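2 protein chains.
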Amino acid sequence: MNSVASEPALIGIDWGTSSLRAFLIGAGGEVLDQVSKPEGIMHVKDGDFEGSFRDLIGPWGNAAGLPVIASGMITSRNGWVETPYVSVPSGVNELAGALVPHKTSDGVTVTFVTGMTTDHDGAPDVMRGEETQIIGASALGMSDGTFVMPGTHSKWITVRSNLIDDYATFMTGEVFAAMRQHSILGTLMEEGPFQEGAFRKGCAAGLAEGSKLLHDLFGVRTLPLFGKIAGNMVEDYLSGLLIGAEIKGADVASIDGPVMIVGRDDLSDRYEIGLELAGLTSKRAPDDIVARGHFMIAQAAGLVS
Amino acid sequence: MNSVASEPALIGIDWGTSSLRAFLIGAGGEVLDQVSKPEGIMHVKDGDFEGSFRDLIGPWGNAAGLPVIASGMITSRNGWVETPYVSVPSGVNELAGALVPHKTSDGVTVTFVTGMTTDHDGAPDVMRGEETQIIGASALGMSDGTFVMPGTHSKWITVRSNLIDDYATFMTGEVFAAMRQHSILGTLMEEGPFQEGAFRKGCAAGLAEGSKLLHDLFGVRTLPLFGKIAGNMVEDYLSGLLIGAEIKGADVASIDGPVMIVGRDDLSDRYEIGLELAGLTSKRAPDDIVARGHFMIAQAAGLVS
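Protein sequence lines correspond, in order, to chains A and B.
The first sequence maps to residues 1 to 305 in this note's numbering.
The second sequence maps to residues 306 to 610 in this note's numbering.
Quick caveat, the hints were computed from the structure, so don't treat them as lab data.
What you were told as hints is all true, and nothing was included just to trick you.
One-sided excerpt, in silico: chain A residues whose CB lies under 10 Å from chain B:
| hint | residue |
| --- | --- |
| 1 | G122 |
| 2 | S211 |
| 3 | A245 |
These numbers were taken from a predicted model, which means no experiment stands behind them.
Just so it is clear, CB atoms sit at the ideal spot from N, CA and C, and this is done for glycine as well.
I would like the entire structure built from these sequences, with the hints used as guidance.
So this is what it looks like as structure tokens:
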């Protein structure tokens with residue numbers, strides 16, 4: 001018996017700061033088609049989000065009239081429609097109950113998923129978009145567990161009984177870029193392929209008992225200065241040091257079971273090594289979990305049957 | 306009885322990355338005259354250090370024939386004459402025994418003080434110039450104790466029985482500059498006078514048990530985003546967070562007695578607050594201790610009587 005592709009039922013959009021992905025989703029939640037564009041919210045010309053959206057779904061002529069759900073930084077102050085946050089703990093029902101609809105001048109309703117906020121010792125934390133990915137991932141046999149989403153602002157997210165229980169953001173990617181490009185640490189770096197040994201050495205330094213990031217960063221300068229690592233290893237040593245410090249800071253001693261890594265393959269490789277050095281196992285989420293999250297939230301809101 | 310100014314006996318030069326100070330020093334070690342210039346080693350045109358030096362001491366016509374001693378980044382790879390390092394523990398005699406003389410084309414001998422190195426868990430640490438300041442400071446009743454030298458690359462230095470016993474570098478100032486100018490943290494900053502309350506709040510976050518710098522940095526974004534600190538407080542909150550993290554990393558629990566702060570007044574004010582929050586008292590070193598260090602090293606080497 002051949003499986004028959006179902007009819008399109010939903011358009012899901014993951015619209016971030018630097019890129020944008022749209023999914024044509026079938027009645028069973030499966031991805032029928034997808035498109036990626038570099039038009040993240042910072043790159044939309046003259047803030048014409050509506051025009052970008054029209055161009056995006058244009059090729060899906062058969063999608064006219066479908067419900068549209070969108071998540072990500074598109075709901076931030078610099079996006080299309082700013083939405084409030086829901087608080088942790090929240091899951092698919094809370095997100096479905098907080099959707100913000102917006103009608104375009106063409107009469108299409110785009111339904112926005114709000115972000116989610118938490119607070120640690122008076123310091124708020126925020127995410128927009130990751131909550132939708134986690135909803136999707138938690139449907140894939142991860143209704144309880146720890147997720148890491150590596151990137152410019154890495155997120156560590158704890159899910160309990162299908163609710164996002166808490167999370168914390170780490171500025172690992174942004175600190176890496178700033179130190180590589182705008183500090184003395186960049187001056188001794190030479191380009192080349194991934195140096196796993198140097199990455200592991202840096203990671204171990206970041207994970208070490210008694211590590212002190214502001215001090216350990218200076219080692220990224222002195223190790224090559226003293227010929228202890230080669231110029232083509234400096235960048236991966238720095239990457240390892242920061243990822244190790246992040247993993248250490250994520251309170252890994254309290255983590256039970258494998259960590260689910262949600263991210264680009266090259267970054268996921270690094271986190272897999274770092275987690276292993278920290279004594280943790282890991283799994284990887286499939287690439288299109290965000291579309292699964294869009295579908296589940298749309299279902300809970302009655303946008304699809 | 307009037308004191309009579311002694312004759313000039315030595316020229317001391319503290320030649321760093323971004324600036325340069327020269328001292329005309331008397332036979333008793335007192336500073337008779339001094340000059341500051343912005344010609345740090347990165348700003349010396351065409352690497353003409355000899356020309357800069359000639360211009361520097363030119364106005365001191367009466368100084369012809371005096372011994373000249375120079376310390377700082379001028380002895381690094383990007384400086385005038387690269388010198389090796391001495392290792393910790395070392396003091397005035399070890400530095401005097403490792404001086405590197407260099408004769409200019411005018412026949413003037415400039416004697417360079419080498420830097421000092423240490424090693425923690427295989428990661429080397431380096432300084433060039435700070436050792437001379439500490440030698441000078443240790444003569445001022447600090448033959449044992451802890452020194453902090455705030456700056457781009459802050460140093461925490463332990464002196465035991467007049468020897469520099471060990472030290473550690475923290476990239477606090479450079480991380481501050483990179484995050485302020487080249488990360489999302491700068492986008493919500495507004496200029497204004499020093500906000501001590503915000504600085505203290507940041508400092509407390511950096512010092513807190515369980516603080517995690519890569520995570521805590523994200524608070525520098527979310528606190529103003531949620532209206533918990535005003536835009537004109539963001540920069541000082543960031544400064545406090547980093548200085549707090551540095552002080553915490555400097556293992557303050559092991560420090561006995563007041564910490565001697567050696568640095569610019571505005572930075573010293575911040576470290577005084579941070580040390581107080583960490584439960585430590587502090588003192589400040591006078592501004593010209595480096596000239597005292599030059600004199601003591603020159604004396605130990607027999608360059609002055």
